[in-house]
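Those protein sequences? They're chains B and D, same order as listed.
Residue 375, in the numbering used here, is where the first sequence stops; the numbers in between run on with no holes.
Residue 375, in the numbering used here, is where the second sequence stops; the numbers in between run on with no holes.
In short, the hints are calculated from the structure, not lab data.
C-beta atoms are modelled at their ideal positions from N, C-alpha and C, and glycine is treated no differently.
One or more of the hints may lead you astray.
[To be verified] Here are the simulated distance ranges between beta carbons:
1) D/Gln360 x B/Thr273: 55 to 63 Å
2) B/Gln360 x D/Leu279: 38 to 46 Å
3) B/Lys372 x D/Thr325: 35 to 43 Å
[What the hints assert, rightly or not] Below 27 Å or equal to it, Euclidean Cα-Cα: the simulated BS3-like pairs (lysine-lysine) are:
4) B/Lys372 x D/Lys322
5) B/Lys138 x D/Lys138
6) D/Lys322 x D/Lys372
7) B/Lys322 x D/Lys372
8) B/Lys322 x B/Lys372
9) D/Lys372 x B/Lys138
10) B/Lys372 x D/Lys138
Here are the chains, one letter per residue:
Number of protein chains: 2
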Amino acid sequence: MTQRTEQGTHLTGPVLVLGAGLLGASIGLGLRARGLDVVLSDSSPSTEAVARDIGAGRLLADARAAGERVSPELVVVATPPDVTARVAAEALLAYPDAVVVDICSVKEAVLRELLATPGAAAHASRYVGTHPMAGREKSGPVAARAELFTGAPWVLCAHAGSAPEAVLRAESLAVDLGAVPARMSVEEHDEAVALISHLPQVVSSLVASRLQDSPAHALSLAGNGLRDVTRIAASDPRLWVQILSANAGRLVEILYGVRDDLNRLIGTLEDPTAGGARLDMAQLMSEGNSGQARVPGKHGTPPNSFARLTVLVDDVPGQIAKLLTEIGHTGINVEDFRLEHSPGREVGLAELSVLPGRRQELTESLTRRGWKVVQ
Amino acid sequence: MTQRTEQGTHLTGPVLVLGAGLLGASIGLGLRARGLDVVLSDSSPSTEAVARDIGAGRLLADARAAGERVSPELVVVATPPDVTARVAAEALLAYPDAVVVDICSVKEAVLRELLATPGAAAHASRYVGTHPMAGREKSGPVAARAELFTGAPWVLCAHAGSAPEAVLRAESLAVDLGAVPARMSVEEHDEAVALISHLPQVVSSLVASRLQDSPAHALSLAGNGLRDVTRIAASDPRLWVQILSANAGRLVEILYGVRDDLNRLIGTLEDPTAGGARLDMAQLMSEGNSGQARVPGKHGTPPNSFARLTVLVDDVPGQIAKLLTEIGHTGINVEDFRLEHSPGREVGLAELSVLPGRRQELTESLTRRGWKVVQ
């Protein structure tokens, strides 16, 4: 039976999730944790079985076999991009009382295909395209977690014909999973992700591909710079081919600009002592500084909003616990904590982030207690 | 008075450090922590005063004013790349009993210029080019720390005329600062850093520069992918112009390959439904996968040598300390620890890295103690 959301803010279920990979199973886990009835389906029987086994929901196939007629208030299409529009169109027809959302990472191509699907356009008022800005380098339901969306932006792209009620229900999904809803048009969304997601992805892959045949002694010198730049090059090619194809026009416009800058840099490096060469290089680096300074920190906090200090920790069991117990005694909240140590070495570095106003106080307090604060 | 190293393994000092920025001051701090006499000099009076004040060494200017004739066993040239060869040549002439090393991040250009400096070539047996693979996004002596080099590779590039004794003394510097010496030729070094350091730097800057004029709503969606790819775009343009100029020939060869791949990708994205377009994209992504898999983990450990698990932590004071105390009770060593939480949210995620064989045991142990292990 279809149920309306209470004051438009919370889902009451049932929710049907089509596609039980990382995102679909994470949505199932998150909604199950709120006590909602979640029904799952995936084209792969083993994927949907794993999703059921980890507690992401019960299976649509089982419900049907038991003669139940599932009537969801919300259908979440969490399939690969290529089939998203088709599955969403089918869901609009199959569940005439449900709101249908998809969570595909490109939005205009999906909407266009959906509206062009015979029979679906008449039902499109119940459709809202969405995109949770969350993911992992791992895929599949095994990697799913209920908390995947906590604190992350969740874009809602209502189209001209979306019913306000449908948009509210889509927003409830985001809110119920702990995400922060952000409304924008499909065009705004696709331009934004071309820049902040698809550009870094292809550039990371371009850099990493250069490493394929490099000598081992070169790679043994690699530091955090290379590690960070190439981390997302580990992403799934099958998924990314679909994403890049669906947003090709917007990404290529950005890549023209990258190519212009790259050609300018190559020209400069071919004759590094020429007049103006150093100025050209300095300008590229400075433009990079300016752009980098605009990237928000974790959880949408402004860049560099926390102050860091580093504490030396002997690499013996219990030392980290002792440090954190004593930080607890100071009453100062640690916003981020990172421990680094080399296996076999005697000392580790604990990096603590605190509000800038508390840094000095924490440094003094820890120093008094005998800790070596190195920075 | 010049002192020989004991069995060629440890420095005994004095050590003269020319250039008191991040690296010079860190070397001073590290050697002072071993009890060595460190003498500092910098072309900027305020820089050398700060370095002295943080305990990185005493000042050459003060020693000279007191009538002392400083006679170092080792001179470390830690100046910007542009003046490294000149300063090293002067040091070889000024301190005829000292071994002279530099720590510049390009090696062939420095060696070539040094050997071409009138009078210096005759003393070049006492010169060894080196490069510690350590640094920070911050610069200046204020950011210095004695532990900067701990566990990091330190490349030693002996040239054809370097005396074995000089190489041993350079190696002692690396070892005394906790680094791991790696011997290679200037050519091998410069090719390696073009690939693992200069390439990611310029590409990070190219991506970040695209963000300069982007709308704020786009940047508000940014995730860890963009953050990681653009982090090093915050680096100092003045320093990097010198580095890029000095290794321009090797870097540009790599960038030709990047340009070829970028052009292929642009062609594919211009006509994403053409035959072979998807295969082209998949190939780029797969090549990125292969290259990324070759990047070693932190501290030179093989990629993915640790297993991770994530624990939910209530955001109240003392919870992290409690978690780490209880992990201490399990006797399982945590190799890396990272806490993430959103300001204002009720829950944080603590990510723990352990040896893969201990993951299951730790998960079960923490679950028994009432912790929610989500992965």
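Results of checking the hints against the structure:
no. : hint                            : result
1   : D/Gln360 x B/Thr273: 55 to 63 Å : holds (60 Å)
2   : B/Gln360 x D/Leu279: 38 to 46 Å : violated (58 Å)
3   : B/Lys372 x D/Thr325: 35 to 43 Å : violated (21 Å)
4   : B/Lys372 x D/Lys322             : holds (22 Å)
5   : B/Lys138 x D/Lys138             : violated (32 Å)
6   : D/Lys322 x D/Lys372             : holds (14 Å)
7   : B/Lys322 x D/Lys372             : holds (22 Å)
8   : B/Lys322 x B/Lys372             : holds (14 Å)
9   : D/Lys372 x B/Lys138             : holds (20 Å)
10  : B/Lys372 x D/Lys138             : holds (20 Å)
Checked against the numbered hints above, the structure breaks hints 2, 3 and 5 and satisfies the rest.
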